[in-house]
Amino acid sequence: MTGIAEKLASNQKQVAISEFFEKNKHFLGFDSLARSLITAVKEAVDNALDACEEARILPTINVAIEKMDVKKDIVKLIVEDNGPGIPQKSIEKVFGQLLFGSRFHAIRQSRGQQGIGITGVVMYCQLTTGRTTHVRSKIASEPTAAVVDIGLDTRKNKATKANQGREMWYNADGSAKEHGTEVTAQLKAKYQKGRQSVWQYLRMTSIVNPHAQITFTDPDGEVHHWPRVTERLPTKVEAIKPHPHGIELGQLQRMTSESTDSRLTVFLRMNFSGVSARASKELCVAADVDEKTKPKSMNPDQIRALLEAFQGERLVNGKPVKLLNPPTNCLSPIEELLIKKGLSKTIDSRFIATLTRAPEVTQGNPYQVEVGLIFGGNMPADKPVEILRFANRVPLMYQQGGCLLTKAIESVDWRQYGLDQPGAKGVPKGPAAILVHLASTNVQFTSEAKEALADNAEVIEEARKAMLEMGRGLRKHLERKKKMAKTKEKFELINDILPAIAKKSADILGKPVPDLSGSITKIMSAVISETETVWNKETKQTDVAITLFNYTTRVRAYTILATWPEKSGGTMINNDTGGRKEATGVWAWKLESLQPGEKTVISYSLSNLERGDWTETDIFFRGSQDVIGASKMDEKFLEEIRRLEQVLTHNSSEDEDEDEDEDEEEYEPNEPLGEPAVAPPSGQTTLFGGEA
Amino acid sequence: MTRRHTPEETKAAMHLIVGEMYDRMVKGEPPTMTLPVRTKNNIAFDKKLGVYKYGKKQSIRDATSLGSAKQLLRALHVVEFIEEMLVAGKSSTLREMYYISEAWGLGKFGSQNDSNNLAEDLEIVTKCLREDFKLRPEEDGARMIGNLTLRERNRRGEWMRINARDDVGDSGYGVPYNVEAEKIELLEHDIDFIMAIETGGMFDRLIENGFDEQYRCGLLHLKGQPARSTRRIMKRMSEEWDLPVVVFLDGDPWSFRIFASIAYGAIKTAHISEYLATPSATYLGITADDIVAYDLPNDDLSKKDIEALKAELTDPRFADGWWQEQINMMLELGKKAEQQSLAKYGLDFVTETYLPEKLSELGLA
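Chains A and B supply the protein sequences, listed in that same order. Residue numbering for the first sequence follows numbering that gives the first Met the number 0, starting at 0 and increasing by one per position. Residue numbering for the second sequence follows numbering that gives the first Met the number 0, starting at 0 and increasing by one per position.
It should be emphasised that the hints constitute simulated quantities derived from the structure, not laboratory data. We put the beta carbon where it would ideally sit given N, CA and C, even for glycine. Keep in mind that a hint or two might mislead.
[As the list claims (entries may be wrong)] To spell it out: a stretch of chain A is covered by chain B in this simulated footprint if at least three of its residues, at any positions, have a beta carbon under 8 angstroms from a beta carbon of chain B; those stretches are:
#	stretch
1	358–364
2	447–459
3	517–531
[What the hints assert, rightly or not] For lysine-lysine, the following DSS-like pairs were computed, each having C-alpha atoms within a straight-line distance of at most 27 angstroms:
#	chain 1	residue 1	chain 2	residue 2
4	B	K26	A	K502
5	B	K126	A	K510
6	A	K480	A	K598
7	A	K510	B	K10
8	A	K424	B	K302
9	A	K631	A	K481
[As the list claims (entries may be wrong)] Derived DEER-like restraints, expressed as beta-carbon distance ranges:
#	chain 1	residue 1	chain 2	residue 2	range
10	B	G104	A	L32	50 to 60 angstroms
11	B	Q224	A	N494	18 to 28 angstroms
12	A	E460	B	K267	20 to 30 angstroms
13	A	R642	B	N112	54 to 64 angstroms
14	A	D542	B	G104	25 to 35 angstroms
15	B	E7	A	T552	36 to 46 angstroms
16	A	E491	B	G27	14 to 24 angstroms
17	B	K309	A	G400	16 to 26 angstroms
18	A	T229	B	Y98	54 to 64 angstroms
Go ahead and model the full structure; you've got the sequences and the hints to work with.
The following block contains the structure:
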């Protein structure tokens, strides 16, 4: 008789699965025709990226969308990757079973925390078009690719297979494909353009996956290409055990009931992170449960008491049990330099700042915030800035207003950093885009739709701090721009306007045009510097030219200092003016006799850099008279940096190869003072030693 | 006293400015242009002339900033342009000059306002008039109705005799932009006073009600802030015919300013106040106490209105006790009223009650 019962249960389940899908399509991502397409692309691309990451392959992903039946809104989606491929017998599991895979239970940062996976897409195709999904996959060890059409038997809640077989798989260029997977699905969906589109999803995906190459052929046949900008794969993340602060009652109940440990203390030490031997004993005391208790035999009250001890509601000696923080190596941030590259390949701009904060822990879950800000270029100045939100490298495209990451942006008074923000409220306006990425083992969303992150005061504060720091960088950039504009104005004045005044007045009066050198000196009455930092296409170098004009009546002497990307591996070449290293990333030249009315040019090139790596050079000066276009060197500041550098060199030499940091304000250890590396050219003296 | 200049005098005066720039450059200094500060902080009452004039504060516009240098270059282009017009016997509107400046390259104007201001600057420094420069304003002058007769020289150079009651239609006599002796001669009149009116609606109301005939006056429509020619012809009629001028405006801070520019001289044109202002003009209404006394429909003062009133409290032209009282009263009331709000009591109220009452206070009715 059990057979009938099972059958009934199974029937119930069948109905439930289809109905479940129908009732919950809004949070499964299939609530509108436009969004369904994005979701389908997202599931397929996420799978491809995850598989490549796991197999340590640099992903190359091609996405194509074709319109099949415009009236009925049927489109065909093809997503092809170069991942490791799926063995034939696993294909139906991957594509045909809801909630397949280990990632649902593992505590680590992964893309797949969101959505129900590719099975949802297969089901959606089946429900809307009655079509199966064609899968072709090849693993490196087999000569041919497996092909199969996957459908879902909604009555049996099982995958159906048809037209199973094997075939040769060739790339477009005729070569044999080594490994990879291709999914071809037909679904009812609508292709849209704009902020919420497949294009935007792929563009955002490309920003946070700089190691991926993504090509998208849209329904009009237009090809969008986002190249790979780094060969470095994201660090492999480690799975960690749950931390007592992040656990819920249901989970704890399941863990105890499944435990085979003989003692509660052992169970606590082995199954949780952050629990030391002493803490495991203290937890037992706090929960008032004998430490020898078998976890499996704990009663509900004991489990509840244990949870209260976890959460610090039950005390030992008047204090909550002290737990260690969970390890944070389970996080895989994108990292500053790569965010910078990802942003600059997608958006044309004048300024980029990126920042990766140190990992933090909230409610037992490690998390890390990363931000990026890109400014200028062709972005519209009178519209709200573009917000690019990501959770574990997955773009969030809906519900922007209700998201923690947006709130963090809104909490900053952007006016002080040079963006327009009426009443210091809301999303700032200006030609900028702000990127925020939250990497976490447990991303909390506001709803099952998984498009907006739920409020968490600690996380907001982290994101806010990161934003403030970036904002300071933006302000510096704008100040520098202002300075440059001021210099430009002065030059326009003396080079264009003044000669025109001289000529016109002479014409009107019928007199000879007066000599202007005296007037120019009086007008400028300063030393002016003009700096150009330009990418040289031919030499693949960044050329820098610092020009100093002495528009005063006296001979002037200065030390000019310039920042350069030494820490990022840049090399300074063709520096004919010599000079010397002042600190890591700061070069100095001593100019001893700048004659009145004369100009001097310091020029050099930076090699080993890519385009966009170094676009602005900061110029400082030492000397009594102001230099327009440069800042006075703050010696105390420089000393402080040198002191820190000394400490760093002595204490942590193993940290030397740490991530490159392009922030101009941080300088690495200084070399001991000595002779200049490059001989001074004639006619000019150098800062230390070299007499011309 | 400002007076008209011959083309030669005008040219010489302009060359003084050019010379200042040139000489400075020869001396190895930045070129400059010296002109009086043109704010309310630098206007003072001239007892001899009975109007407000610029005080002694000078500002030196020198070429040490890009903006000022461009202004100097523009001034040179304008001087050259005026000289060309003087030679060719042409004139141009300020707006035309603004468009002509398109061809001036670096010296081109950024906005029409720039060109207007510069024309005024030149007037101030050279003591010449816009008319000497052959520059005409865009704005047209006022309309006039009443039993007064004048001669205007038409385009063919013939003198036309016009009576502003009998020879004109309902829109009245249109005051041309040039009202100087070479263009207009005041012949005779049979009126007791001139009434200047802010709005067209009120002007037409008084005409329809036959107010000009009943009260033997000339009516002048100001069209808001009056053009120079409007102020100038009022001044001429008041002086040459020895007629009192009464001013009938809305009751708000901006009307007070209009009156000040008529009676005391406008800040922007303080260099020629004695030429434009009519010191004997009287403010008839709407006053702050009219709003209360006649219980007029009113509006709340806006933030801008309040700011304007407060600025007027420190304006030397309103230093007089009566004005201080009116301004403070309006601030206290927090209200303003339009002249047409008198229609609350019927269309004839203004001509049968309000104006006769107000005029009798002045002994004009």
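Hints not upheld, ascending by number: 1, 2, 11, 12, 17
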